[in-house]
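First to last, the sequence lines map onto chains R and B. Take the first sequence: its position 75, counting from 1, is numbered 75 in the numbering used here, and each next residue is one higher. Count along the second sequence from 1, then add 292; that gives the number in the numbering used here.
No wet-lab data here; the hints were simulated from the structure. Take these hints with a grain of salt, some might be off.
Said to hold, decoys possible - Footprint (simulated), chain R over chain B, 3 or more residues, beta carbon under 8 Å:
no., region
1, 528–537
2, 582–591
Said to hold, decoys possible - Selected chain B positions facing chain R (Cβ under 7 Å, derived; list incomplete):
no., residue
3, PHE312
4, VAL315
5, VAL549
6, ALA557
The beta carbon of each residue, even a glycine, is placed where N, CA and C say it ideally should be.
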Amino acid sequence: MTLTEPRTSATTFSRIIAKIAAIGPARLSLVVIGVVALLMAVWPSIFSPYSPSAIDASSILVSPSFAHPLGTDEAGADVWARLVYSTRLELVIAAGSVLVALVIGLPTGLIAGNAGRFLDGAFTSVASATLAFPLVLFAILMVASFGTTSLSLTVIIGFLFFPRVFLLMRAQTRSLKEREFVTALRVGGVRPAQILGLHVLPNSAGPLLTLIPTLMAEAILIEAGLSYLGLGVDLPASTWGTILEASKNYYVTSPWYAISAGLVITFVAAVLMFAGELIAESANPMRRRRRS
Amino acid sequence: MKIMRRAGIEAAKLAVVLWFVSVFAFLALRLTPGDPAVLLLGPQAGRPDAAETLARLRAEMGLDQPWPVQYGIWLGDILRGDFGVSSRSGVAVVELVAGAVPPTLFLIVGAVVIAVPLSILFGMAAAYFRNGIVDRAVRFVTTLAIAIPAVWLGLFLIIIFSVTLDVLPSGGFTSPFDDFGEFFIQMILPVTTLAIFLGGVLTRFVYAEASDVLRQDYMRTALAMGISTPRRVFIYAMRNAVTPMITIVGVQIGALVGGAVLVEAVFGLGGIGQLLLSSVLNRDYQVVQGAVLLTTIVVLLVGYLADLAYRLVDPRITE
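Generate the whole structure from the sequences, applying the supplied hints.
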């Protein structure tokens, strides 16, 4: 890749073009989608002229038109505007739950991977018990008990994800522990905590970065499922899941309403999963060579 | 002998996990606001003279005892095979759960029966034609199958097949022993919905395993010996690529029950998920505890048996 790059003769502009071209269309479109999603979350008003909470009795459940590209909902609000304005909370819940999973899973995984049999066994048992238990049943129990706020949803989904981070981190620690550079550090008198934090953790960045978008996609899907059961965030807050939940009562007369809500969820979840695969390929050159 | 010891250790672990779940199911509702006696009494609970009635109701449900005593009584009853009765309807918990199991069970079994052979076929084909059009198509479709929210896929199928084409019912559940034809027709859409999700997960798994197996030395030797392609792929490679699937189905059974809970809500099948949801909202402690525990026992048992079966089929597995 670097060999084909023009070194001296090219202008700055063409060099930039070459650099962008070297990223490849797959990566480039992911970056563009990511930027658009972030813009929607931060500054939704530039994507839709309508207010997501506007009640308009004269345009209830209107079919898609030029004025309302995805039609309107049961209160007469523009469906596209509602989806755009829900992006922020949706991304906060998805990213927040992954953050919760990392906060619980990273330190416990590092400790369990480095600890003796007893502590390791105890941690691993809790993680596999959480993993074995049907997630949705657990979530129903927790959300119905602790209430349907975005915070409780985030924490509960994050807790459901923690075994995935834990098991990955534990396996990474166990295999890195046997590597020569870690032995050298230990012999050199570096403290175990320092080895784990400054050497084992950074060396596990690749697999972790692969897991993060995958978990975000799953968080969005679980949120949609829970919302459908009536366990989504409370009004007036709204997510793609609660929009889908509201639309289910009108699927006979207004199918586009339900279809557009689900399409957005599917699209974003699929993009995040592809992103996970791409990161896996770049983090692991062996895999890339095998693929192409 | 080794496998017997292994089975013993796993069974002990299973018991510990079950105990965790029982404590968790017991505490989850008690740690959070909501008094079952108030909910049972309904609007009358707000009247000034209701205190006595409420106290009597709590005593009847055993809720006037301290938590450890309540937990001890509950656990003791369970060990004797008594899961208690619903505080709302007075029906035995076991009976309620047994009534809710068939829709969920048939849904899961149907999805497994459809998804397993198809995912073996597509996963093997994609791995064999690596980087070809089949590979790319399979990878794209499986990602989509996992990324589609199951509830929305269900709604979408209803919109197409029930509303627009009007060829299949949009929901309901009939016992296959009462009317098999009706049962079959009602289950087509729910089973398809769940099978698409499961198929996506399993196909990717078979694909990854088969890609490794097809590169093994013994596969090249088989090719050099002039063994036909179908025989190499579907007998030599498939055996090694598909065996680990036993564990995956075991691990995925939890996710599968979760998916089934969502799908049964879309199609109104009245399964285990709806029983749990309504009893959580009604604060029906005995039913929630019993349903959670019984479901977990089944899920863990399936995982345990899958693990054991895998060890028997493939003796190389030790850790």
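Cross-check of the supplied hints:
With 0 residues having a beta carbon nearer than 8 Å to a beta carbon of chain R, the region 528–537 of chain B misses the requirement of three or more and the stated coverage is violated. Check result for the region 582–591 of chain B against chain R: holds, 4 residues qualifying (beta carbon to beta carbon below 8 Å, three or more required). At about 5 Å, the closest approach between the beta carbon of PHE312/B and any beta carbon in chain R falls short of 7 Å, and the interface hint on this residue holds. The closest approach between the C-beta of VAL315/B and any C-beta of chain R is roughly 11 Å, which is over the 7 Å cut-off, so the hint fails.
Nearest Cβ of chain R to the Cβ of VAL549/B: about 4 Å, under the 7 Å cut. The hint holds. A cut of 7 Å between beta carbons decides the hint on ALA557/B: the least distance to chain R is about 6 Å, and the hint holds.
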